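Here's the letter readout for the chains.
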Amino acid sequence: MSTIDTTGHARQGSEWFGFWRRCYAMVAKEFIQLRRDRVSFAMIVMIPIMQLLLFGFAINTTPHNLPTAVLLQEDSDLGRSILKALENTAYFRFVREVHDVNEFDDLLTSGKVLFGVEIPRGFERAVRRGDRPALLVAADATDPVAAGSALGSLGTIVQTALQHDLYTGDPPALPFEIRAHARYNPAASSRLNIVPGLVGTILTMTMLIFTALSVTREVERGTMESLLSMPIKPVEVMFGKIIPYVLVGFLQATLIIAIGVFLFGVPILGSLAMLAILSTLFITTNLSIGYTFSTIAQNQLQAMQMSIMFFLPSILLSGFMFPFAGMPVWAQYVGEGLPLTHYLRIVRAIMLKGATVQNLQYDTLALAALMLFAMTIAVLRFRRTLD
Amino acid sequence: MNGAAGGIAIDVKGLTKSFGGREVVHDLSMQVKRGSIYGFLGPNGSGKTTTIRMLCGLLTPDSGEGTCLGYDIRRDAERIKRQVGYMTQRFSLYQDLSVRENLEFVARLYGMSDARGSAREMIKRLGLSGREEQLAGELSGGWKQRLALGACTLPSPRLLLLDEPTAGVDPKARRDFWNEIHALAGEGLTVLVSTHYMDEAERCHEIAYIAYGYLLVHGTVDEVIAKSRLTTYTVTGDDLNGLAAGLAGKPGIDMVAPFGTSLHVSGRDVAALEASIAPWRERNGLNWQPSHPSLEDVFIELMSRSKDNFQ
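If you read the protein sequences in the order shown, they are chains A and B. The numbering of the first sequence is the numbering used here, which starts it at 6 and goes up by one. The numbering of the second sequence is the numbering used here, which starts it at 1458 and goes up by one.
A few of these clues could be false.
Computed footprint of chain B on chain A, listed as stretches where at least three residues anywhere in the stretch have a Cβ under 8 angstroms from a Cβ of chain B [to be verified]: (1) 218-228; (2) 234-247; (3) 379-392.
Far from chain B, by Cβ distances over 12 angstroms, these chain A residues were calculated [to be verified]: (4) 90; (5) 96; (6) 100; (7) 138; (8) 161; (9) 184; (10) 203; (11) 214; (12) 269; (13) 301; (14) 335; (15) 359; (16) 361.
Simulated from the structure, these hints should not be mistaken for lab results. Keep in mind the model is a prediction, meaning the values are calculated, not measured. Backbone N, C-alpha and C fix where the C-beta goes; we use that ideal spot for every residue, glycine too.
Isolated chain A, as found in the complex (with noise of 0.2 angstroms):
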């Protein structure tokens, strides 16, 4: 019995041995690669920070310094001292002051400002003769997060506020009425917000992946050496690659949007053809954008990670998962540079605003300038010879 035991103990010590020296040699080995694959490190190291900063600083559901334009259609030391309580909760901004109706509607469509504050004509006049006149706080409510708060805390602030200023005493109720409108999305249905946004975040996803891997799949199979010794230019080797994915991309969105018209009720309030052609527009730069990873990158692995790189801001940068306005000024700023951010105004703007070519000149630009720029690196980028 006891030399069967020995034995027994022996051969399970040295497959011990023998598992760990295989385990510590997997290992290194894993170092050294990951040591020397410089794209997989970057990822390692960037997506915990990214994460950290995003979840830490830039998501804030409660959204301050909202953009707000006022209307004014007098002007009474009253008027002045709400807009100032208003602006003192730093829930507001006031970046407009504005004297008439149609700039104010404009102002919002186009969403340069996510609330309009409205001091009727004969406002003062009214409270002072106890007529409870409305105060009139239109929102922007595509997106019901940011709205939401807002709003919701708007009565208590103002009374809040105006407490010391008019009535000395105890007052139960305002001298005036505050009559908020959620403007586009009355019954702040989250869905009306979240299916134009997976619209932008499905098609950028997909289109990056698209042409992120076209160029290194052309050098890993070794069909570039035969396509460089052909008389192609990088500028044709680059539409030749976006193009089809345009089309692709094109089916993609209309198949979403269809589905979010006939099985969610989102409605296109705006022009069906301006969606296409701006659709258009963001599905290419997106295209762009993949395809100078893939001049960039060294396989297509490296070409898949960069992908997901860009991927991730843009989600979370974007205003897709949390308000924009809620995002610290810098986290603002990046989404200001993502293709994502410009195309979700845009998509909100048309099917829940019905907002028009004016209203959104400087998203349709800003995605226009971001196309250019990424072909324009692309094209330099290309190598043109196997040096």
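Use these hints to put chain B onto chain A, whose structure you have.
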């Protein structure tokens, strides 16, 4: 350009190229006559592919200059590409495209007016009729190589650069391939072809031998053999292995190589060679015949010599 320099298609001087600090091609100069078949020989990793890539503009030489079809290889790479057909060592057409689609792709890239028509004609010429819808990746080695040759001759180039075109191809397909190359050269096309096979080298009008980045010798086959100044004996008989072992390393013996049932013994220094083999000459059962060195003898000797010099 036309017929300039007496009809020289490739004229380069001092081409040098390094990768990561290692010199792959060293001060290489060569001239290839228009309409000739020029063989490029040398061991693996000797710089043949790098040289060919520099000639067609796929690589930029670190130094050196020259012309290809009269165009400067540094400045006019785009023009050279239009008139040069380059067949890569590894099959580099699209495996996931059919024969026809590959040819049409090439025809369109070169801006040929009737891409479909010229692709159809080429399929006929290649004998690929009936296979035009087959995916290139599914073709056998011999057919792939025919297709690749077809693709690079399709735009009617004036110069063909073929990088080991017959590697891994059966003898029948190789023979057909060389007949095709001779036919193309007959039509006035210049062909630069790299190869490992001696029988192919002997079918070239001129050859060059390159080893470890140095071009060691060039000329016609006869010239190259003459330049080697090798004296060769063919020995037949018993115990050739013992003879080979006994001779190796002796003064004047530059190469001992078995060929079937015979042994080739060669040396450049006739006197030393004779002195070294003298004790074996009279041995029973060995038959010594003075013979001409073959191209293979010359190259094996060159290869062993260059190894000493450069490794």
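Cross-check of the supplied hints:
no.: 1; hint: 218-228; result: holds (count 3)
no.: 2; hint: 234-247; result: holds (count 4)
no.: 3; hint: 379-392; result: holds (count 4)
no.: 4; hint: 90; result: holds, 68 angstroms
no.: 5; hint: 96; result: holds, 57 angstroms
no.: 6; hint: 100; result: holds, 53 angstroms
no.: 7; hint: 138; result: holds, 72 angstroms
no.: 8; hint: 161; result: holds, 66 angstroms
no.: 9; hint: 184; result: holds, 64 angstroms
no.: 10; hint: 203; result: holds, 32 angstroms
no.: 11; hint: 214; result: holds, 18 angstroms
no.: 12; hint: 269; result: holds, 38 angstroms
no.: 13; hint: 301; result: holds, 20 angstroms
no.: 14; hint: 335; result: holds, 41 angstroms
no.: 15; hint: 359; result: holds, 45 angstroms
no.: 16; hint: 361; result: holds, 42 angstroms
Hint compliance for this structure: no hint is broken.
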